[in-house]
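Colleague: One letter stands for each residue in the lines below.
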Amino acid sequence: MRWLVATVAETIPETAHAVTLRLDVPDWPGHRPGQHVDVRLTAEDGYVAQRSYSIASPPGADRLELTVVRFDDGEVSPYLTTVVDVGDQFELRGPIGGYFVWDADDTRPVLLAGGGSGVVPLMAMLRHHAAVDHQGAMHLVYSARTQAELLYRTELDGLVGGPRAATITLTREAPGWSGRRGRVDAALLADAGWSPDAEPRCYVCGPTPFVETAADALVELGHRPASIKTERFGPTGG
Amino acid sequence: MTDALDGNAAAGALAELFVAEMTVAVTACATCGDTRPLGELRAYLRAPGVVLRCATCDAVQVRLVRGPDRAWLDLRGVRAVQVELPDLPAGTG
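Protein chains in written order, with the working numbering: chain A, 1 to 238; chain B, 239 to 331.
A few of these clues could be false.
[Stated by the list, open to error] If we take Cβ atoms under 10 Å as the criterion, some of the chain B residues that face chain A in the derived model are:
hint : residue
1    : 243
2    : 250
3    : 251
4    : 259
5    : 260
6    : 275
7    : 277
8    : 322
9    : 329
[To be verified] Among the chain B residues that face chain A by a calculated CB cut under 7 Å, a handful are:
hint : residue
10   : 249
11   : 253
12   : 261
13   : 262
14   : 294
15   : 296
Treat the hints as calculated values from the structure; they're not laboratory data.
From a predicted model like this one, the values you see are computed outputs, not experimental measurements.
All residues carry an ideal CB built from backbone N, CA and C; glycine is no exception.
Make a model of the complete structure from these sequences and hints.
Modeller: As structure tokens, this is what we get:
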């Protein structure tokens with residue numbers, strides 16, 4: 001797999017800590033929703049830092065999009081979120097991964113559960129689902145700490161409807177928030193998802209504690225472990 | 239053990255060595271016999287290299303170290319690997 005040169009075409013602030021980078025990547029071979037890329041930054045002294053980022057854009061979009069959340073003590077995300085500007089270039093390789101992916105020829109209902117920036121690869125799935133006008137049901141359960149940390153808030157409002165639904169829950173103090181509160185647990189997943197009889201495919205992505213809690217809750221509800229795919233974002237991110 | 243990620247996190251490193259997509263390849267653990275996609279193994283990336291442990295018995299299945307111009311791959315914790323491939327053309331094999 002070759003390293004490709006990405007040129008920043010646009011930077012879109014998502015929250016105080018997150019930016020979406022829209023990238024021109026000549027020779028990008030295309031991707032499936034849920035895949036990621038490795039980004040490599042090389043300093044002038046030759047020091048190399050490499051991190052993985054999920055792809056936020058659906059297949060076939062004119063530009064590759066990465067949504068990057070800043071970790072203040074990280075080596076890569078502070079650069080990508082606060083320094084990088086239109087016209088800047090860096091190296092990436094991909095698409096990577098074939099496990100945590102959803103393909104549009106799958107007709108089973110889909111439950112997406114995302115915690116924090118774990119919503120990014122799920123957004124690629126939801127965007128693709130809408131782009132191909134898929135008639136199978138796809139429901140997103142998305143938890144963030146605060147309203148200010150919610151990614152894609154406005155776009156999500158436009159994406160839901162028909163077979164697509166989204167349930168947002170906030171885990172911390174939320175003045176003025178009339179939506180759901182609290183963590184993603186079995187009760188919420190039962191409410192927003194399907195009974196195991198519907199045999200939904202479940203995709204769970206977020207920090208390790210979120211993934212383990214949500215995946216355990218799905219098993220507790222009776223979903224087959226083989227129908228639950230997980231992707232953990234680690235503290236090594238950044 | 240909370241710093242473990244999934245085998246997905248090793249996808250890029252494995253893609254440098256293998257033609258097939260290895261996160262959907264199924265490994266049989268040499269220690270306990272558990273079989274599951276490599277993407278579900280527990281990945282430790284803070285070691286000098288990548289360590290993939292069995293999600294059931296926690297034994298080391300895969301070690302991969304990338305040097306500047308070569309890689310070392312230790313698979314002694316894996317009894318067998320099953321890799322998905324495209325269908326053979328009719329009449330071959």
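Colleague: Now tell me if each hint is right for this structure.
Modeller: Taking the hints in turn, this is what the structure says about them:
At a threshold of 10 Å, the smallest CB-CB gap from residue 243 (chain B) to chain A is about 5 Å, leaving the interface hint in force. At about 4 Å, the closest approach between the beta carbon of residue 250 (chain B) and any beta carbon in chain A falls short of 10 Å, and the interface hint on this residue holds. Annotation: residue 251 (chain B) was flagged as interfacial toward chain A, and the flag holds, the nearest CB pair being 9 Å apart, inside 10 Å. Contact between residue 259 (chain B) and chain A, as hinted, is supported at the beta carbon level, the nearest pair being about 4 Å apart and thus within 10 Å.
Taking 10 Å as the C-beta contact cut-off toward chain A, the hint placing residue 260 (chain B) at the interface holds, the least distance being around 8 Å. Given the 10 Å rule on beta carbons, the hint for residue 275 (chain B) holds: about 6 Å separates it from the nearest Cβ of chain A. Of the supplied interface hints, the one on residue 277 (chain B) holds, with its beta-carbon coming within about 3 Å of a beta-carbon of chain A, less than 10 Å. Interface restraint check: residue 322 (chain B) against chain A, minimum CB-CB distance 9 Å, threshold 10 Å, status holds.
Residue-level restraint check for residue 329 (chain B) is violated (minimum Cβ-Cβ distance to chain A is 27 Å; threshold 10 Å). At its closest, the beta carbon of residue 249 (chain B) sits 4 Å from a beta carbon of chain A; the interface hint therefore holds under the 7 Å criterion. Checking residue 253 (chain B) against chain A by beta carbon gives a least distance of about 5 Å; that is within 7 Å, so the hint holds. Because the smallest distance between the Cβ of residue 261 (chain B) and any Cβ of chain A comes to about 4 Å, under 7 Å, the interface hint for this residue holds.
About 5 Å separates the beta-carbon of residue 262 (chain B) from the nearest beta-carbon of chain A, less than 7 Å, and the hint is met. Hint on residue 294 (chain B) is violated. Least Cβ distance to chain A is approximately 11 Å, over the 7 Å limit. Interface restraint check for residue 296 (chain B): the shortest CB-CB distance to chain A comes to about 15 Å, outside 7 Å, so the restraint is violated.
In this structure, the hints that do not hold are numbers 9, 14, 15, in rising order.
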